[in-house]
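This is what each chain is made of:
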Amino acid sequence: MRIELKDIHKHYGPVKANDGISFTVAPGRIHGILGENGAGKSTLMKVLVGFSQKTSGLILLDGKPVDYKNPARAAELGIGMLYQDPLDFPLLTVIENFMLGQTGGFSWPQKVFHKQFAGLARAFNFSLDPDTSLKILTIGERQQLELLRLLALGIEVLILDEPTTGISSLQKATLFAALKKLASEGKSVILVSHKLEDVQVLCDKVTVLRQGKVTGEMTPPFQADGLLEMMFGTPPAQPDRQHLTPGADVLVMTDVSGSGGRTGLKDCDVVIRQGEIVALAGLEGSGQGVFLRIAGGLKLATSGCIRLQGCDMTHRDHHMFQRQGVTFLPADRLEEGLIPGLSITEHFALLADRKGPVVKWHQARQAAAEHIKAFRVKGRPDSEVQDLSGGNQQRLLLSFLPSAPVLLLLENPTRGLDVDSINWVWQHLQAYCHRHTGIVFSSSELDEILMVADRVLVFFNGRIIMDVEASRTDVQELGRAIAGNVAVGAA
Amino acid sequence: MPTYLRQTRQVAITLFAVFFFTSLILLISGAPPLSAYYHILRGSLGSWNKISHVIKGWIPLTLCGCGLLFTFRIGLWNIGVEGQVMMGAVFSTALLRLGLQSQSPGLFLAMSLAAGVLGGAAWAVIAGFLKTKGDVNEIFAGLGLNFVAQGIILWLIFGPWRRPGVASMSGTETFPVALWLPKLSSLRLSPPALVIVIVALIATGLLLRYTRIGLNLKAIGNNPNAAFLFGLKPGRYMIVAMVFAGGFAGLAGSLQVSGVYHRLLPAISSNYGYLALLVVMLCNYNIWLVPLVAFFFACLNVGSIQLPMVLQLDSSLAGVIQGALVLAILGVYAWRQQNRRAQSAESIGHRA
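Sequence lines, in order, name chains S and A.
Counting from 1 along the first sequence, just add 30 to a position and that's the residue number in our numbering.
Counting from 1 along the second sequence, just add 130 to a position and that's the residue number in our numbering.
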């Protein structure tokens, strides 16, 4: 079945998660959708499978426009999705899961299903026992089961979301063989991934997304450099700032490991110095978030030693780090950074010095008005923060920063901002370096990293696999390092 | 003030829903709704004596409501307020029993109020620590502690504090008049209790509006993660909120003993704690509506006692009306939530 997407838009409030996406998947083809986290892949897939409703745009099946409101209706039309975490019922057996969605009426002809299941499993070389409980299966096996179930439902367009995460290499080979067989039978397969190597071996065509837009398409032979450039953008024209000579050590991490996120953090040795801007690069969830949280005392390291300006801070909590001059700015503004339901004035009242039991509302209102003006926030002192746009929320967060912190930890400080706002943010942040503040930030934009950072740390699977001065590297080298390929000697 | 207008409108809509549902139920059970309402009105506000009955219910309702504003502010569902009322009553009774032979009953009366506050607060802190240290949901902890408190009261009444000769559900022996809160003899109403409630209302309003505690509770209630980054410790403030809620509830229990019943009863809390939860929800957590709504609830409570006698309705109908009340309130609450969501979606749409 041919599936065509025309100018798909999906907006969440002011955020344009999908901003005019068009592509076509021909029957019998495996089509790759490549992009960094936050590029809009998941949103697009949710729209495709009927999980969320598109803001505008058209989906055509075999040339006919279709409109569906839920995944069940999409399945009737022949569109099915294999989720990263298979959506199945752990308490049921394999065959019971297989039958789900196919059964109607009162009698369940078990024998028919057993026969159908055995036939399909044999055809794809899956060895699944129909009577085992789902609880003891691996993710790879559950994926196989889900695939068979979707086929039994008569799926013609199969969407796979990061299918190679968490499965063994043998299961990966079996899965890829199965997908190729499906394509040869005339079904359309859409593979969503941020893994270059999967896309390269499997796909007949690749569409690359970045910031909600299609940045390019490619057919084999695939060039990694070209795909990386589409994923991460072109290198900037000129880095336009004077780099200061770094001063004394601010933060020293020795052999630090931590848990959390997808990969945790493993054996990290890092020194951050005064007046230095250090960028954390890597695929989202490769350990940058855990690193920032351990560096800010929001998470305890499982081993290793953290020193802040010579003081041992290994087992201290965040409030202790705060008192030592560490400020952490989380990526999720409304989840972690700001307090929905509170006005800007109330936020400044929280920040004001905590002497006496009475809130000094007058001072707080004044502080709010001053900062709104200085940071060009579009809002009034009594505006509640959830009513501000993303860019204004970010400006407001930046206005909370103390005037001379020792260390600033910023998680994706410019995500979702337009170019103007990004430039403004960095102008503001660079001023801190002259006050001997060390700045560490994570970003998925390599342009940004090369433009503002003095030094880049590349994370891969929870490890820092590259520590390089920004002036001595380029987008290509960083892109390869992000994908796990480090030239000998670079680390 | 547009927000005040909006809130008033919401209360009006809720009241309309309440009357609609109760009328429906009255019609189904074969009672003429208008005359039923008339009798409720006459039964609650028909004479000074009846009004004083209403105020006797209004006092614990309002006190519990004040306390619950603190826990709702920080996002805790303090269902345990009922048990906190009971423990306040128990601690007060214990203190008054010590004062039986004393030459200065006034001192013991004052100390019994303090003991009530302490008892309620202590009982609330148990639920608070279960929440912050043991990760036990405060609703389950509170509900469990309510049963324990009820058990303790029954044990005291039938055990160590039983009346000489006859232990019965009618409670412990009545205290001598010297240990009663002073009353207006004609109305059986206690002016000190009224003063306490009004002070409690004003204090709660000031605390929530003008002090760091109020601001911090609100911040943590709206986003504990961000509040932590602002340097606040959510766990600590949850305990603070529980102390306030339990303290006010304990005070209500204490006044029930020293100002109303003058002994410990199995039903000393009269479900005022549970009812106060509804009062505060109905007020949309706005303190200045609490006394008004509490008064309305108290009127209904007192007025519906008349129905079985005057209209020959089954006495359980009063309970059915209260149930309908709760449903109507929850319905309006759900409607309001949905409205707010639609509104915020719209405003986001405008910005985009």
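Since the hints were made in silico from the structure, they are not lab data.
As the structure is a computational prediction, the values presented were derived from the model and not from experiment.
Where hints are given, some of them may not hold.
Stated by the list, open to error - Computed list of lysine to any residue pairs in SDA-like fashion (alpha-carbon distance at most 20 Å, straight line):
(1) S:211 to S:231
(2) A:363 to S:347
(3) A:348 to S:76
(4) A:263 to S:347
(5) A:348 to S:99
(6) A:363 to S:345
(7) S:99 to S:125
(8) S:385 to A:348
(9) S:385 to A:363
(10) A:363 to S:395
(11) S:329 to S:384
(12) S:329 to S:366
(13) S:76 to S:34
(14) S:390 to A:339
(15) S:165 to S:125
(16) S:243 to S:54
(17) A:313 to A:164
(18) S:390 to A:335
(19) S:390 to A:337
(20) S:390 to A:342
(21) S:235 to S:37
As the list claims (entries may be wrong) - Not everything, but these chain A residues come out facing chain S in the computed CB check (under 7 Å):
(22) 149
(23) 207
(24) 233
(25) 341
(26) 342
(27) 345
(28) 355
(29) 356
(30) 361
Heads up, the beta-carbon is just placed ideally off N, CA and C, and yes, glycines get one too.
Hint by hint, here is what the structure shows:
| no. | hint | in the structure |
| --- | --- | --- |
| 1 | S:211 to S:231 | 14 Å, holds |
| 2 | A:363 to S:347 | 11 Å, holds |
| 3 | A:348 to S:76 | 36 Å, violated |
| 4 | A:263 to S:347 | 17 Å, holds |
| 5 | A:348 to S:99 | 38 Å, violated |
| 6 | A:363 to S:345 | 17 Å, holds |
| 7 | S:99 to S:125 | 28 Å, violated |
| 8 | S:385 to A:348 | 19 Å, holds |
| 9 | S:385 to A:363 | 17 Å, holds |
| 10 | A:363 to S:395 | 24 Å, violated |
| 11 | S:329 to S:384 | 25 Å, violated |
| 12 | S:329 to S:366 | 14 Å, holds |
| 13 | S:76 to S:34 | 15 Å, holds |
| 14 | S:390 to A:339 | 11 Å, holds |
| 15 | S:165 to S:125 | 13 Å, holds |
| 16 | S:243 to S:54 | 15 Å, holds |
| 17 | A:313 to A:164 | 35 Å, violated |
| 18 | S:390 to A:335 | 16 Å, holds |
| 19 | S:390 to A:337 | 13 Å, holds |
| 20 | S:390 to A:342 | 9 Å, holds |
| 21 | S:235 to S:37 | 19 Å, holds |
| 22 | 149 | 32 Å, violated |
| 23 | 207 | 18 Å, violated |
| 24 | 233 | 39 Å, violated |
| 25 | 341 | 5 Å, holds |
| 26 | 342 | 6 Å, holds |
| 27 | 345 | 5 Å, holds |
| 28 | 355 | 5 Å, holds |
| 29 | 356 | 5 Å, holds |
| 30 | 361 | 6 Å, holds |
The structure fails to meet hints 3, 5, 7, 10, 11, 17, 22, 23, 24 from the earlier list, while all remaining hints are met.
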